[in-house]
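Sequences are here, hints too, so could you generate the full structure?
So our numbering is basically just the index in the sequence shown, starting at one, shifted up by 3.
Worth flagging that the hints you see were computed from the coordinates, not collected in a lab. Quick caveat, the model's predicted, so the values are computed rather than measured. Built from N, CA and C at the ideal position, the CB exists for glycine as well. Misleading hints may appear alongside valid ones.
To be verified - The calculated label-pair distances, taken between Cβ atoms and stated as ranges, are:
(1) Asp197 x Asp226: 32 to 40 Å
(2) Ser177 x Gly18: 28 to 36 Å
(3) Ala304 x Leu131: 53 to 61 Å
(4) Ser181 x Asp107: 21 to 29 Å
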Amino acid sequence: MYSDEVNLNESNVMGVLYLAKKYMVPSLIEKCTKYLQENLDPSNVFNILPTAEKYEEKNQVDRCWKVIDKQTEAAVKSDGFVTIERPLLEALVARDTLSIKEVDLFQAVDNWATKQCEKQGLTVNGELERRVLGENLIKAIRFPLMKQEEFAAVVLQKKIFTLDEVTSFFQFFSLKSSPPLGFSDTRRSGVSHDVYRCSRFESINEPCWTYSGVKDVIIFAVDKDIMLRGICLFGSSNNAYTVILEVKDIGNNLTLVSKSDTFLSKLLQHNSGNYYGFELLFDSAVNVKKNITYQIEALVAGPPSSSGCGGFATVLSSGVTFKFSSCSLSRSSNGTSQTSGQFPQFLFYVKES
4 MYSDEVNLNE SNVMGVLYLA KKYMVPSLIE KCTKYLQENL DPSNVFNILP
54 TAEKYEEKNQ VDRCWKVIDK QTEAAVKSDG FVTIERPLLE ALVARDTLSI
104 KEVDLFQAVD NWATKQCEKQ GLTVNGELER RVLGENLIKA IRFPLMKQEE
154 FAAVVLQKKI FTLDEVTSFF QFFSLKSSPP LGFSDTRRSG VSHDVYRCSR
204 FESINEPCWT YSGVKDVIIF AVDKDIMLRG ICLFGSSNNA YTVILEVKDI
254 GNNLTLVSKS DTFLSKLLQH NSGNYYGFEL LFDSAVNVKK NITYQIEALV
304 AGPPSSSGCG GFATVLSSGV TFKFSSCSLS RSSNGTSQTS GQFPQFLFYV
354 KES
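Pasting the structure below:
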């Protein structure tokens, strides 16, 4: 506090940050924050996250989870992973946003369980490992997403499943029956998918679309189940836009996602030429079911942007037919319709059957 010098490392940075805030030392807060920005990575994230949670440092907790979500495989292979407490492991395995193959996640969890047994001086076997992990954690691993060969080569040898469960899994793999009870076959949104773009306009206008505090709205439906990853919006060169966007299931009166952020417009690709805009990606992909009507609303604030014209009522994109229509309350909205306005592209991937 007197010399303005500090020796930070991954073990002490969160404790020092806590004290710096408690005793209101701005320069020390700045040094801790800068250290975390420059040094947080998959190799140390599980050393920093528990302390960040202990001191209720929400911003740092969020940053840790972003690192884990984007680089899951590297994070769970770090030395710190096998030392985390059970509640953190359960929270990790339950996340839909992890970017890791399910077989690799299982191997990481298996390593954690082995370390727990070793700490207690116990000889590892399948029955003991399952008891150490617990049913909730076992059921959170999405075994049905594994290939049959992966399941046979990696999971079976651990002997954590009963004979009846093994039979159910192989019926699922071989006969494409329903997944064994309690096990999910929904892919995590962070796992790499082929992301497709549905473009709904024939051409693009120069920046002249203005914003006056009311929402742009469009209605759509699809003929196949998809996962909606995000929406593209128009902007203009080197300008920033603040957006509050919601996706709603109209029939069930449900808001499926609500996202707000500020974006800097950049050059994006379109089938009729490039345009200035930005991609608004959801934290988790939205499950969009076929033949259900959805509504997208965006409250945009910023300078005039480009806009689309010659909008299509139906668009066939990567085997999925999108149907677009104007909102019945378009007179009280910002003017987006089926034929013109905002929402140039929909980012999605097709659900596996």
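Hint-by-hint comparison with the structure:
1. Asp197 x Asp226: 32 to 40 Å: Because 18 Å falls outside the window, the suggested range is violated.
2. Ser177 x Gly18: 28 to 36 Å: violated, 53 Å
3. Ala304 x Leu131: 53 to 61 Å: holds, 57 Å
4. Ser181 x Asp107: 21 to 29 Å: Holds, at about 25 Å.
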